[in-house]
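Spelled out from the first residue to the last, the chains are:
There are 4 protein chains.
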Amino acid sequence: MAGSTFGNIFKITTWGESHGRGIGVVVDGAPAGLALDEADIQKYLNRRKPGQSKFSTPRREDDAVEILSGVFEGKTTGTPISLIVYNQNQNSKDYSEIASYYRPGHADYTFDMKYGFRDYRGGGRSSGRETIGRVAAGAIAAKILQTLGITLLTYTRAIGPVEIKASPCELLAQNHAEILAKISENPLYMPEEDAAGRARSYLEQCIKEQNSAGGIVECLVTGMPPGIGEPVFEKLDANLAKAMLSIGAVKGFEMGDGFAASASTGLANNDMFSISEQGSVGKQTNHAGGTLGGISDGSALILRTAFKPTPSIAAMQQTVNKSGENIEIQIHGRHDPIIVPRAVVVVEAMAAVTLVDALFVNMSARIDAVQKFYLK
Amino acid sequence: MAGSTFGNIFKITTWGESHGRGIGVVVDGAPAGLALDEADIQKYLNRRKPGQSKFSTPRREDDAVEILSGVFEGKTTGTPISLIVYNQNQNSKDYSEIASYYRPGHADYTFDMKYGFRDYRGGGRSSGRETIGRVAAGAIAAKILQTLGITLLTYTRAIGPVEIKASPCELLAQNHAEILAKISENPLYMPEEDAAGRARSYLEQCIKEQNSAGGIVECLVTGMPPGIGEPVFEKLDANLAKAMLSIGAVKGFEMGDGFAASASTGLANNDMFSISEQGSVGKQTNHAGGTLGGISDGSALILRTAFKPTPSIAAMQQTVNKSGENIEIQIHGRHDPIIVPRAVVVVEAMAAVTLVDALFVNMSARIDAVQKFYLK
Amino acid sequence: MAGSTFGNIFKITTWGESHGRGIGVVVDGAPAGLALDEADIQKYLNRRKPGQSKFSTPRREDDAVEILSGVFEGKTTGTPISLIVYNQNQNSKDYSEIASYYRPGHADYTFDMKYGFRDYRGGGRSSGRETIGRVAAGAIAAKILQTLGITLLTYTRAIGPVEIKASPCELLAQNHAEILAKISENPLYMPEEDAAGRARSYLEQCIKEQNSAGGIVECLVTGMPPGIGEPVFEKLDANLAKAMLSIGAVKGFEMGDGFAASASTGLANNDMFSISEQGSVGKQTNHAGGTLGGISDGSALILRTAFKPTPSIAAMQQTVNKSGENIEIQIHGRHDPIIVPRAVVVVEAMAAVTLVDALFVNMSARIDAVQKFYLK
Amino acid sequence: MAGSTFGNIFKITTWGESHGRGIGVVVDGAPAGLALDEADIQKYLNRRKPGQSKFSTPRREDDAVEILSGVFEGKTTGTPISLIVYNQNQNSKDYSEIASYYRPGHADYTFDMKYGFRDYRGGGRSSGRETIGRVAAGAIAAKILQTLGITLLTYTRAIGPVEIKASPCELLAQNHAEILAKISENPLYMPEEDAAGRARSYLEQCIKEQNSAGGIVECLVTGMPPGIGEPVFEKLDANLAKAMLSIGAVKGFEMGDGFAASASTGLANNDMFSISEQGSVGKQTNHAGGTLGGISDGSALILRTAFKPTPSIAAMQQTVNKSGENIEIQIHGRHDPIIVPRAVVVVEAMAAVTLVDALFVNMSARIDAVQKFYLK
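Protein chains in written order, with my numbering: chain A, 55 to 430; chain B, 55 to 430; chain C, 55 to 430; chain D, 55 to 430.
Isolated chain A, as found in the complex (with noise of 0.2 angstroms):
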């Protein structure tokens, strides 16, 4: 098992390396009739596009897809959808010298322990190229969801040091469309001018220093019905960590509060019931971030992920080689400084497959949902 399947109804089985031929994902369970075309899945693999700005890498790369099947006459048929992206512009001698050493906070040392040998082209399996596959699966999932009037608001919130203000609940009260048009007015991705501006300054301090950062993603999910989730081992929050954990170089997952909850007290962080002038049950603060007992609540899910500094470094360092000697080393080549501002569409897509995963597992929850579903 490479482990290359993720989830338990909505199932995405991915493939590829960076200098193979290609990158792929097979989405399975996707439902029958959604209206789909390769547009949808290129919108959202043109977000994680580098080459527009000097803090990603400047390799070109098209990166267009092709639905292989599951199609037909524009609608998905409920069979698996097999999509593909071609490699090109891939030069494999920018990556001969790296065969013969392990290169810090990358996974050559570990591939090779485990394997035996390793792709060693541009990462192979471990390139940031891997998530293609879900980032083209995520659109699928993107797209379900909004059918279920269900959307996603995901930025950067953090580049090394420098933080947004705004908290989460403060971004939610804003108006959605003045906030996704902020977020993507600047390369960082960032929903505030002056934190991307700051931001800007550090990664441009970075460059000059061969060095790189690393950053904070969030993801607000609005419009989830309540009772999503399953309550043990399934529960949204544990699927979610292992989506956003299962992304080279996430380091951490908070939901809500996170670790601040863990410094707060009970009185504190309980979120307080009240019933809105509507008569619905709601809650009067999100500090859990819309989950309780592992349960979606109604209230927005609030999720931040951890991204480790790109590895890849023009500084000198010290590691080893294959003959079981010291050496230094400065990896040149094409390299972001930092992978944050790609990385949104990323956790974006990842959290869409495991929600329309947990929101089909949920359908058998009750007998009288599955009586009326079946009996007419």
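FYI, nobody ran anything at the bench for these hints, they're computed from the structure. Careful, some of the hints might be misleading.
[Claimed, not checked] With a straight-line Cα cutoff of 27 angstroms, these simulated DSS-like cross-link-like pairs (lysine-lysine) come out: (1) A:K430 x C:K430; (2) C:K262 x A:K426; (3) B:K426 x D:K426; (4) A:K236 x A:K103; (5) D:K376 x A:K430; (6) C:K430 x A:K129; (7) B:K426 x A:K426; (8) B:K430 x D:K129; (9) D:K129 x B:K426; (10) C:K236 x C:K103; (11) B:K430 x C:K376; (12) D:K430 x B:K129; (13) B:K97 x B:K129; (14) B:K129 x D:K129; (15) C:K262 x C:K103; (16) C:K376 x C:K426; (17) A:K129 x D:K430.
[Said to hold, decoys possible] Covered by chain C, according to a simulated footprint, are these stretches of chain D (three or more residues, beta-carbon under 8 angstroms): (18) 127-139; (19) 303-314.
Small disclaimer: the values here were computed from a predicted structure and weren't measured. From the three backbone atoms N, C-alpha and C, an ideal C-beta is built for every residue, glycine too.
Starting from the structure of chain A, add chains B, C and D where the hints point.
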């Protein structure tokens, strides 16, 4: 799917509610030939027992485990091991009132939304007693790890705002037995006496104010061979994250430096490799927390899990009842002002279960190893 | 993985050995709100009880089931339902001799090869008592099917060379209650009195010769909506086949005409469609046994399962002992000369479990149905 | 879940329709270090190619496979192997008429019932071309088995009423290379020239009558170590049954004597053990077909799979159209009057995939083996 099964090859299935007949787990995939008796499991369960200090609920629960299957003549047979702890000392009357309203911070509301009604006695399936099954299974997993030279060290890093000073690496540098002794000495399971003292004062203040506290549990794993974990969705990090976020009240998870890494730089965060005096490959630091690309790198695993404050507090809170009215409540009864010390063993158990599964899944990663296994 | 879990969404996990503390099952994914008590399950378990005729073992087992979790105030809660039947009346001494050798036709040798040793008492995990968990879970599944208007009719088609005359379609044309009554009237569960008489004589002859018999169980399912089952690996036929071949002593499985279809022609075997008087699509015949392309077509499901003769016989047999010597043995003790009548309910249970899972998995097959489910 | 993934550890995920861009499979869990190139897979695919005799469709399909990922420098890397066969030579016009009605014996009606509509071109996902993915994956599985000394021999046992005479055990007693040659000599893949001749005459008669035939495929596996397969739901028999019944047009499955065993007696059907001259435990007969209690016993596996006659026939048939009218149809186009010879390699492929998975799952069955694996 109520999501009560965890693991791919080493699978655990838990069941049971706070006030039903009992709580249990079926462990499927424990290898045959492991010496195992009830004392091995009871030892673990005793670590999550309440009533050991004034900071945990005064309920007296014996929580005596019985092995119902899968062990013959003192050894596991390879078939499912069914473990049960009968519930005792339940006082359902304590909970009759809460049937009518939704406790803030609890899963009452979400269970009702999902299932249409709920077993309201003591939290039902969302009770902390649900972790008994996890801990019992974890005891078996830990015994398997022990036979492979893999050791877990788990303790309270923080209670509310009070945190220990030593870093994971500093603790790992100390004598293991001494650290273990220090952790066991205080009822809060903190490895630093000073911090434990301040945490105790903080908790006393919480109790006085009818409030509660959260905290952070840290787990360090040594002896893990390199190469464990799968490269994409079944990353060791991903499954550990899922394991931790599947525990009730957990809101955050970190590997290694976690969120702090996101504010660091590549140069500072990359763990440089070097050749040890014995000629083996090692890392000079361990910011990554023991994995690279989701696969263990031979250094210690470092995991950190954030628990929110106990939601059951005696202070006045606002909420709603099932008739749709805003009400004020005070939750009486026997509740822990802090669950973190009792959660230490739950974290350790879930980590152990996850690691055993990853070790078993990895066994077919290389054709030469498979051949060596099957050909004589 | 000891492979003790079955199903995708409606999952059952069985455990227990013949001479351990008990036998049980955890049913995860039963919808909330289903009325359920122990009598519902006991009714099913009673159908597999031994001691009801001279053709089944004279052991007296009460096999009283207890519900340990997942039911509150008479209804399922949506959380795992743990069921247990304590073992009673075990006489371990009966089995002490067989520890040293391998009984022909039993799993003694293969368990030793796999696990290095075995629980030799009464077959351990490979005992027929393992089916108690399946039947208990099947009782819940059958109750779910009943609420959806789906009915199972299961009976003995053949015992040794004695087979009933009526075809499945002929039986389906008869009055359901009368057929059920006929089946229950004779201890062999054959729906034809005449065949039952001849089978009885045949079995008496087998007993006299210290020999045993096999047979065929047939299961007919009516009321199944069309569209259930997935098109490729999760075909309804495929999962039913797995369900049946997972029962001990089963050596063959057929849907509809089964092997006979392979000798037929397309023209004779194709079920032609026609419009019924009510205007609905139906088939003029049912050679296929209720599925097309692995998906239910609205006609009755017809499944047939072949059981080998009971391997435990009193006649002299050759075998080997663990010291590597050829020996002769006679197996004494309380054994059924035929297990088929007791297996009827096991087949029905496994069919029910498989169908419930397929029904639940199907609920997200169409986007319009998903939208109708979630949007009000 | 469209159910397009098969296996626990060695997982295959297939996708593609008859008239889409192509057909493919992702093989996840193939061990690293296996020598593999496209020729290894093409060799298998060529065995299912049409156009090799007048008994298979005259369509010309090159079905050239491409490896898109998972292989580097001629060896598998341990990461997912994505294989694709582009569709060529599709003539969608051939199928335009059948969009309006339901072909008897096909999945047209059930797909419409499940999904609301269907890709009607050439059967879409329910086309026989779906098996290309299975065969491509099976080629990899078979290569893994080969490195472990496990060999599969698969052939046509029967075509319509014409069956070969030799029993599986008689065939196993013959020279393997000679049998293989005999099978490959005739386009029907029957190991007996005489039977092949009569089958040819029978098929010619079928064609003349615008009719079609079914048949039986038998697969024999030698070299399988004892101890493989799990004792309850993951019995080797159960997974093989699922594998076979998941192939389109399959209606029955048997292990060893199968249905014939149900009419036998315990004394006749039990395989007695004896010590071989080399001192190893063996069975004197093999009625069981290589398993006891669902676990391999070291003797040859014997599986038999029944295929119904090709449903596409040129003779006049009654059916209904989507307007709810009774109509008469004649199916024109390029169809096999028998699919059995082309299905031989599909059966072999699915058997190989199932066995590799069972071998990998078994690796953690014993604690001493796990220790030996991980401790040096």
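Now the hints, each set against the structure:
no.: 1; hint: A:K430 x C:K430; result: holds (18 angstroms)
no.: 2; hint: C:K262 x A:K426; result: violated (56 angstroms)
no.: 3; hint: B:K426 x D:K426; result: holds (11 angstroms)
no.: 4; hint: A:K236 x A:K103; result: holds (19 angstroms)
no.: 5; hint: D:K376 x A:K430; result: holds (21 angstroms)
no.: 6; hint: C:K430 x A:K129; result: holds (24 angstroms)
no.: 7; hint: B:K426 x A:K426; result: violated (55 angstroms)
no.: 8; hint: B:K430 x D:K129; result: holds (24 angstroms)
no.: 9; hint: D:K129 x B:K426; result: holds (18 angstroms)
no.: 10; hint: C:K236 x C:K103; result: holds (19 angstroms)
no.: 11; hint: B:K430 x C:K376; result: holds (21 angstroms)
no.: 12; hint: D:K430 x B:K129; result: holds (24 angstroms)
no.: 13; hint: B:K97 x B:K129; result: holds (18 angstroms)
no.: 14; hint: B:K129 x D:K129; result: violated (41 angstroms)
no.: 15; hint: C:K262 x C:K103; result: holds (23 angstroms)
no.: 16; hint: C:K376 x C:K426; result: violated (63 angstroms)
no.: 17; hint: A:K129 x D:K430; result: violated (56 angstroms)
no.: 18; hint: 127-139; result: violated (count 0)
no.: 19; hint: 303-314; result: holds (count 10)
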